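Number of protein chains: 2
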Amino acid sequence: MILAELRTPALVLDRGVLVQNCERMAERMQGHRVRLRPHLKTAKSDRVASIATHGQFGGITVSTLAEARYFADRGYRDILYGVGIAPGKLEEVAALQAEGVKMTLTTDNRETALAAAERAATLDSEFEFLIEVDTGGLRGGVSPESEDLITLGQFINAAPRLTLQGVMTHAGQAYHCRGAQEVAQVAEAERAGVTLAASRLRWAGLRCPVVSAGSTPTAVHAASLMGITEMRPGVYMFYDLDQVGIGSCEIEDIAISVLASVIGHNRRAGRIIIDAGALALSKDLSAGEHLADVGYGMVCPADSMRPTAGLCVADVQQEHGLIGSTNGGEPPYERLPIGSRVRILPNHACITAAAHQRYQVVDGDNAIVDVWDRISGW
Amino acid sequence: MILAELRTPALVLDRGVLVQNCERMAERMQGHRVRLRPHLKTAKSDRVASIATHGQFGGITVSTLAEARYFADRGYRDILYGVGIAPGKLEEVAALQAEGVKMTLTTDNRETALAAAERAATLDSEFEFLIEVDTGGLRGGVSPESEDLITLGQFINAAPRLTLQGVMTHAGQAYHCRGAQEVAQVAEAERAGVTLAASRLRWAGLRCPVVSAGSTPTAVHAASLMGITEMRPGVYMFYDLDQVGIGSCEIEDIAISVLASVIGHNRRAGRIIIDAGALALSKDLSAGEHLADVGYGMVCPADSMRPTAGLCVADVQQEHGLIGSTNGGEPPYERLPIGSRVRILPNHACITAAAHQRYQVVDGDNAIVDVWDRISGW
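Protein sequence lines correspond, in order, to chains Z and V.
Take 1 as the starting number for the first sequence in the working numbering and just add one per residue.
Take 1 as the starting number for the second sequence in the working numbering and just add one per residue.
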């Protein structure tokens with residue numbers, strides 16, 4: 001099978017680029033003497049995980065319990081669920097633990113810890129927690145300077161069947177930076193905040209073996225990760241246009257694309273119409289914060305991952321993508337005849353990949369060398 | 001099982017509202033003496049389709065060949081694939097036809113028709129076509145006044161193994177209208193354009209038994225559908241905030257919501273954090289074109305589909321939704337304690353539903369009365 005024979009739209013993953021991205025991140029973390037706990041929310045694939053964890057300690061991060069179940073069923077035994085646990089999910093966590101999976105949970109509040117202590121007794125289970133710390137992302141987390149951090153740590157530490165394992169943070173504001181210098185400042189704020197939280201817990205007599213941080217931008221550009229024990233980047237495996245805009249990678253580091261077919265030319269509207277739209281590409285516009293004229297994705301010839309200058313997916317409807325010229329002129333109808341194929345580089349790999357059920361794997365050319373499944377839903 | 005016991009996030013569908021929406025649309029189309037060919041791109045579910053086609057002629061519309069296969073396997077035998085056919089998909093169409101499914105295809109160009117004629121011979125098959133006409137949506141379609149319409153009709157008519165069945169259009173610009181009057185104008189432009197195209201084909205001596213049109217807004221607000229033989233609305237089964245904003249329905253007509261759990265309170269950021277984010281809700285912001293302060297969705301108590309005034313999902317990350325107050329004040333932390341649940345009304349039902357693998361079906365209260373599957377992917 002070759003790309004020209006695939007039913008479109010299809011999610012295409014270049015294995016060589018993936019392997020290179022994973023090796024570089026592993027080397028970078030080894031250089032910092034920090035463990036890599038890859039976040040599999042982007043890839044959601046066992047085959048990608050096996051590349052991302054090669055040579056590492058085997059621990060992974062997930063964003064859903066469906067991912068936890070999928071990876072547990074495939075042999076992973078050390079799983080950090082990186083989203084604040086909802087009390088209603090504890091029974092499922094206990095079931096995974098009963099099968100021998102070491103689950104680490106996160107929370108930023110006493111209500112959840114109390115519910116966990118109560119459920120642990122009912123379920124005859126135990127739960128291990130990291131306290132989520134807000135280092136500027138303004139999503140979840142207690143402030144590292146707060147009294148709440150200490151009282152929550154003391155509460156978890158004192159609660160029967162709960163274990164305090166440490167602290168974790170995600171400096172989501174790194175996604176709104178541009179360039180290495182800005183990201184490095186956020187990375188230092190992330191490091192300073194999460195290590196301060198760890199130090200304050202330790203000063204209060206609490207144990208804090210795990211100091212977990214990370215996003216792809218901060219993992220790439222941090223000058224120091226001193227005091228951090230593990231990093232949890234995820235999108236680096238695939239990269240995307242948003243990461244190019246932030247400055248985490250170059251366009252040639254992007255490992256995924258959406259293969260689409262040209263189904264029409266609307267010359268009155270100045271649009272080349274493809275069969276990849278809002279579902280196959282997503283409505284994520286994040287790269288537009290950093291890059292001009294990127295729309296819903298950049299357009300490459302089917303046999304390449306080098307975008308054609310001056311073209312983007314200007315609009316999407318459910319199953320239609322509308323390719324337009326970014327300078328207001330005519331798109332190149334002759335170079336993209338009806339029935340021909342293109343590859344679209346996505347704005348945000350995590351969101352685009354989530355719409356697809358499998359990866360069509362290539363390795364630098366047009367041959368499909370493998371098909372890898374992925375897990376979706378909750 | 002009740003809503004409070006479901007793993008979150010979950011897609012909840014109220015059957016009573018669904019049935020009422022389907023009955024009203026069926027009555028409306030009967031009043032116009034136009035057949036209803038429901039578009040199943042939104043629901044992608046056999047159980048929803050069986051309600052939507054009750055009392056109708058059984059024909060359906062789909063947006064992917066995966067939907068065509070799913071519905072064919074469940075007994076549907078008259079399927080319009082409403083997206084311009086890519087030549088690479090013709091073999092799959094022929095396979096469906098070989099199983100006794102009457103497939104109708106659409107195109108707006110001679111290249112595709114030529115490819116179809118050639119493939120029909122190779123595959124020992126035949127293909128039936130509607131010519132797509134652009135009535136202002138500026139997506140696909142030839143202009144109804146154009147010479148291209150006639151030459152394409154003549155080409156299809158003359159090609160061995162191809163049959164010209166008629167014309168179709170989708171007035172996508174209706175999604176950017178506000179209120180019945182504006183939509184009614186678009187509906188009349190849609191009707192006038194597609195019936196002009198049909199008349200011109202007939203004047204040229206070509207047959208044109210099918211004159212197919214429709215979107216939910218134009219189906220709801222058209223004053224006349226004279227000359228149209230079938231309408232293809234889809235989102236009316238569920239409705240959503242975008243349709244409320246356009247004026248197609250009221251909030252109480254919305255049949256779907258995303259059930260989510262509160263996992264944190266970030267008082268520094270003024271946000272209540274839930275476990276439904278960019279994947280569970282989508283990043284579709286369409287309702288914001290029409291409605292103020294809707295963000296990524298409106299927030300209802302878990303036991304209700306009546307949104308709480310002054311609240312919306314202000315931001316999303318992959319698995320996090322951030323509920324905020326629309327007036328800049330504090331969100332009601334006490335009314336939404338950690339561990340409690342909310343239901344989010346989506347901006348765009350088609351896109352939100354696509355992230356979910358099943359419907360948790362309720363009927364006016366908290367009891368889960370059924371679980372319905374849905375098809376995804378391509």
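Keep in mind that a hint or two might mislead.
Since the list can't tell identical chains apart, any single copy or any two copies may satisfy a pair.
Straight line, CA to CA, 25 Å or less: simulated SDA-like cross-link-like pairs of lysine to any residue [as the list claims (entries may be wrong)]:
{"hint": "1", "residue 1": "102", "residue 2": "357"}
{"hint": "2", "residue 1": "102", "residue 2": "51"}
{"hint": "3", "residue 1": "102", "residue 2": "128"}
Don't read these hints as lab results, they were simulated from the structure.
Treat the numbers as computed from the prediction; the structure is a model and nothing was measured.
Comparing the hints with the structure gives:
Within a single copy, residue 102 and residue 357 get their C-alpha atoms no closer than 27 Å, and across copies no closer than 28 Å, so neither meets the 25 Å cut-off. Taking identical chains as interchangeable, the C-alpha atoms of residue 102 and residue 51 lie at most 25 Å apart only when both belong to the same chain, with a minimum of 21 Å there against 45 Å between chains. In this assembly of identical chains, the alpha carbons of residue 102 and residue 128 lie at most 25 Å apart only when taken from the same copy (9 Å versus 57 Å across copies).
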